[in-house]
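> So you can see what is in the structure, the chains are spelled out below.
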Amino acid sequence: MTVSETTEASTGEALRPHAEDAFAEELKALAAADDRPRPERWRLSPWAVALYLLGGTLPDGTVITPKYVGPRRLVEVAVTTLATDRALLLLGVPGTAKTWVSEHLAAAVSGDSTLLVQGTAGTPEEAVRYGWNYAQLLAHGPSRDALVPSPLMRAMSQGMTARIEELTRIPADVQDSLITILSEKTLPLPELGQEVQAVRGFNVIATANDRDRGVNELSSALRRRFNTVVLPLPATPEAEVDIVSRRVDQVGRSLDLPPAPDGLAEIRRVVTVFRELRDGVTTDGRTKLKSPSGTLSTAEAISVVTNGLALAAHFGDGVLRPGDVAAGILGAVVRDPAADRVIWQEYLETVVRERDGWKDFYRACREASA
Amino acid sequence: MSGTPASGPLLLGVRHHGPGSARAVRAALDAANPRAVLIEGPPEGDALLPLAADEEMRPPVALLAHAVDDPGRAAFWPFAEFSPEWVAIRWALARDVPVRFIDLPAAHSLAMEADAEADPDDTAEERLVPVDPIRVLAETAGYDDPERWWEDVVEHRVPGSGEAAGPLTAFAALGEAMAALREAYGDGGHPRDAVREAYMRIQLRTAAKEFGDEFAVVCGAWHVPALRTRTTLTADRALLKGLPKVKAELTWVPWTHRRLARHSGYGAGIESPGWYEHLFAAPDRPVERWMTKVAGLLRDEDRFVSSAHVIEAVRLAATLAAMRGRPLAGLSETTDAIRAVMCDGSDVPLALVHDRLVVGTTLGEVPDTAPAVPLQRDLTRQQRTLRLKPEADEREIELDLRKDTDASRSRLLHRLRVLGIGWGEPAAGRGSTGTFRESWRLRWEPELYVRVAEAGVWGTTVLAAATARAESDAVAATALAEVTALAERCLLADLPDALPVVMRALADRAALDSDVGHLADALPALARTLRYGDVRATDTTALGEVAAGLAERICVGLPPACTGLDAEGAEALRRQVDGVHTAIGLLAGAVPSSADGLRERWRAVLHKLTVRDTVAGVIRGRAARLLLDDGHLDQDAAARLMGLALSPGTPPADAAAWIEGFVGGAAGGGMLLVHDERLLALVDAWLTGVPTDTFTDVLPLLRRTFSAYEAGVRRTLGDLVRRGPVPAGAPGAGTPAGAGATAPGFGPVLDTARADAVLPVLRLVLGLDERPATTVPGTPAHPATTAPGAHGGRPPATAPAHHDDTPLGETA
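For the record, the sequence lines run as chains A and B.
So for the first sequence, my numbering puts the first residue at 35; every next one is plus one.
So for the second sequence, my numbering puts the first residue at 12; every next one is plus one.
Rather than coming from a laboratory, the hints here were simulated on the basis of the structure.
Be aware that one or more of the hints could be misleading.
Cut-off 30 angstroms, straight-line C-alpha distance, at most; resulting in silico cross-link-like pairs (DSSO-like, lysine-lysine) [claimed, not checked]: (1) B:Lys-258 x B:Lys-400; (2) A:Lys-324 x A:Lys-393; (3) B:Lys-619 x A:Lys-393; (4) B:Lys-400 x B:Lys-414; (5) B:Lys-252 x B:Lys-220; (6) B:Lys-256 x B:Lys-220; (7) A:Lys-322 x B:Lys-258; (8) A:Lys-324 x B:Lys-619; (9) B:Lys-304 x B:Lys-256.
Covered stretches of chain B (in silico footprint by chain A; criterion: 3 or more residues with CB under 8 angstroms from a CB of chain A, positions within the stretch not fixed) [claimed, not checked]: (10) 312-325; (11) 351-357; (12) 519-527; (13) 771-777.
Beta carbons are placed, not taken as given, at the ideal position from N, Cα and C, and that holds for glycine.
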């Protein structure tokens, strides 16, 4: 990504503008109202960064919308970590707003959320350190001009916040090259006999998925360089139902699905099932349950409901019924055909069967599992 | 002499169990050097105060008051190392300054408690209305959490920082704040406080006569304004008139940090005694020392924590505190920092830190000279009522549970066992099959007194202590079987109050245990336990529900668990299937509400097992047998299943396992074959078809199956088999088993033609005939087939052609 493209996208009709552009007004108002001490090269004080993420009202009446709905404690720890020049690792299952939080943190702290390394199984070392412009290299030999800096290197030299997405997907040897950067705050350029030293204000926010197994687990040496904040799933059923129904509404509109008249009850049911299995305890807190191997994140609940809506719209009478979601739920819950199926059946027999008003759902699930 | 605005005694208002308050009290006492110290506490405890200076006295301890005639009615005044009251007591004792308790005597408060319990309206009011003074002050100061406010304003005052203003300023300020609060809220919903404060004022007057103004009072901050109020002696006396009274006794008992942290019951409701103790004990740099402690704990638990981690955690905690605008990192900041830096954001190791350090595992100690615990008194009383003398000699007693006294004795002994006081051991009684009879071997040993004293932590009566102990054990238990055993003990010991907790633990363990074997092991014990409901009139509804839930889980989990097993595992599971089958039969009687559904589902599970090829043979056979016995599988279906299991394509070892499951194990297995000759014919036909090379493999299995039969059954079977197979197209092949006439699959009598065929060989063996054995060409090839007949004493009926049922005959 080159600089010119970035500018073009943010000024023009970008499908999704960057955080610092979308919330430029709020950032400006915050900077104006913020009279607390700021760490060097920070756009805002830590307190104002926390306020930007959690939302609130400024003395001049500007309303800051909440960017992250969740425990205040987590945001405070995350911001403070950045202020102590320790790297921040955001952990969580997919769909817990890790990337979202990291983007907004970078936008609020450095005013730029685009210094991004996307971690994949094929991320090369150049993406973390630097690459070469080979035409320059051949023509003039090794020099700083022939060097193509990585986002991380740029962040170091400018004192900005760099972001690394999906850190655990990056191969272990590439991860290792981060250790020097994070502990010594320097990036040696052995070819030139030079080094790039990070200036104050430089920091790294990494995100990682703690649910996937079999990816490149962080070495303890690297892990030690990070403070870890685990982003949880929504705390209350109400919050989750709210998130799911709002998202389903948006997705449904883009797919031209007719709105379901009685969808909310079914959404509530899907969320309840997901939450109970995920938490391993019923909502009334009286019965413990086994948890299946799947994530059962809010995002999956959304997809189950959207699927059900599509089924109801195209093959049913347009009303979201238990039968429309049963198959989807089964698919989301039973990931491991042996163990998860037992867990699901136990859940059906010990919880769903006894529950008032869930008879039709129980029957639909029995049919789907048969 | 003091910083208090009004002249008079030095009033030190504290928060109970606040380390900052404790430190401030010590500083204030050092500064004022009073001639006497008065402390909020029951005056009956004055005599016990010198014990506080005893070498062997280690906090946390509690002053326990109980009504003499009713040890269950008790109150506790817990003291920790960091309790201001404790600090004051130790300060006074170290300097030989008189120290006294000045609260309302326990004799009155215990009696009033009983009255309050009798009047439900009163207690409801008392629970709803109370104002938390600290909360109001914290809200006024803009804090959402009162504990945090108190920590910031009082507890975190590092020694030295308040020195400039004098050690007494904080108390004066707090007293004023409380006065303002009391003006606004009156008694704040604690109506009994008026009486207590009147009593305290009277005590203060008495002390004033003796020591002038030169004495200090350590009491809850809330009481300070009331003690400062000028009232008349007569008014105070009037308030105290006509108070109910019981005879109360006091003693010191050891306490634990865990109990200090408990909100309910006698806990002091402080969330973090370990943290407070640390704050109180740490001479300086509390956060650094705390983090080092935490790192040490995590290292001991094999978690990698380096010094760099500690440094970063301290930095993060300090920065967090700064960002939250707090003077010093408190417990919440340190915890957040530990989570982010040392625990990788996970709450699991943090739970350990909370349990071991924040709450702490400290156990108090009380010198031997402290008066006996009420539990001992209660025990003695019960021993007297039940005429069960503690004797050092061993003796056995027989209890008939249908008699009231014997039932009570049994309950007492069982409760003591729950408490770990091994006075009686159950012995195998003579009539051990009856559930109304119990045998005990009793022996009282001196160290049991120590056990009783130890058990005093759990409660003041045997019943209460056993209940508390059972509840605690249930929560701590890890294995399902432990909880099941505990449930059984709870019923035996008649601890109905502990039962809900135990049941809950049981349901939880059962829900999380994914090994069907464990569940299946637990169910029979539960079903057994349910039977006690009849003898002891215990309410076992909850137990029944849990058992039914357990059965449900077994129904779901059993079919997948029966596949891919080795021979041993399959055999174990077969036994468990038997156990569960019996248990479900019992349960159906005990839990009528879900009986039909449960039996139905279990039947469905068994059906599923019988037809699933991947299920181990022995279990498939067993399931078919159980269904057949209960009449849910008719004979034709059973024959069809057997035919399938024994069809030529099945590996012989599997088929043999099936046979073992179907007709083996239980004693009645053989009778089935005797009475249903069709099944016997199927077995026979299969057996004759087993190829020679695999025959020796199935032999041990079959031997195991058939050798378990009674001799008579074996003989009958042998007789049947001896008749040989039915000739093709013989009459009666399809008719049901008649009285020996024409059994399906077997001829009515000996097949003489075939029997004759063996004669030449027999003659040859016995040397009766000199003719060469040319008529039986197969004989030399099968010398072994005749051998069993020779040494086994078995009728030589089996022709070489029918040689494969030889082992059957041999075992018969």
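> Is the Cα-Cα distance between Lys-322 (chain A) and Lys-258 (chain B) 30 angstroms or less?
Violated - the C-alpha atoms of Lys-258 (chain B) and Lys-322 (chain A) are around 47 angstroms apart, more than 30 angstroms.
> Regarding the pair Lys-256 (chain B) and Lys-220 (chain B), is the alpha-carbon distance no greater than 30 angstroms?
Roughly 27 angstroms separates the two Cα atoms, so the pair holds.
> Is the hinted pair Lys-324 (chain A) and Lys-393 (chain A) satisfied, with a Cα-Cα distance of at most 30 angstroms?
Cα-Cα ~22 angstroms, so holds.
> Would you mind confirming whether the straight-line C-alpha gap from Lys-324 (chain A) to Lys-619 (chain B) stays at or under 30 angstroms?
Holds, at roughly 24 angstroms.
> So if I understand the rule, the pair passes when the alpha-carbon distance is 30 angstroms or less; does Lys-619 (chain B) with Lys-393 (chain A) pass?
24 angstroms, holds
> Hinted pair, alpha-carbon criterion (30 angstroms max): Lys-258 (chain B), Lys-400 (chain B). Please report holds or violated.
The hint holds at about 26 angstroms.
> Verify this for me: three or more residues of the segment 312-325 of chain B with a beta carbon less than 8 angstroms from a beta carbon of chain A.
holds (count 5)
> Between Lys-304 (chain B) and Lys-256 (chain B), does the CA-CA distance stay at or below 30 angstroms?
48 angstroms, violated
> Is it true that the CA of Lys-400 (chain B) sits at most 30 angstroms from the CA of Lys-414 (chain B)?
19 angstroms, holds
> Can you confirm whether the C-alpha distance between Lys-252 (chain B) and Lys-220 (chain B) stays at or below 30 angstroms?
Given pair Lys-252 (chain B), Lys-220 (chain B) holds - Cα atoms ~23 angstroms apart, limit 30 angstroms.
> Okay, the segment 351-357 of chain B and chain A, do three or more residues pass the C-beta test at under 8 angstroms?
Holds: 6 residues of the segment 351-357 of chain B have a Cβ under 8 angstroms from chain A.
> Can you confirm whether chain A covers the segment 771-777 of chain B, using C-beta to C-beta distances below 8 angstroms and requiring at least three such residues?
violated (count 0)
Going through the hint list in order, the structure does not satisfy hints 7, 9 and 13.
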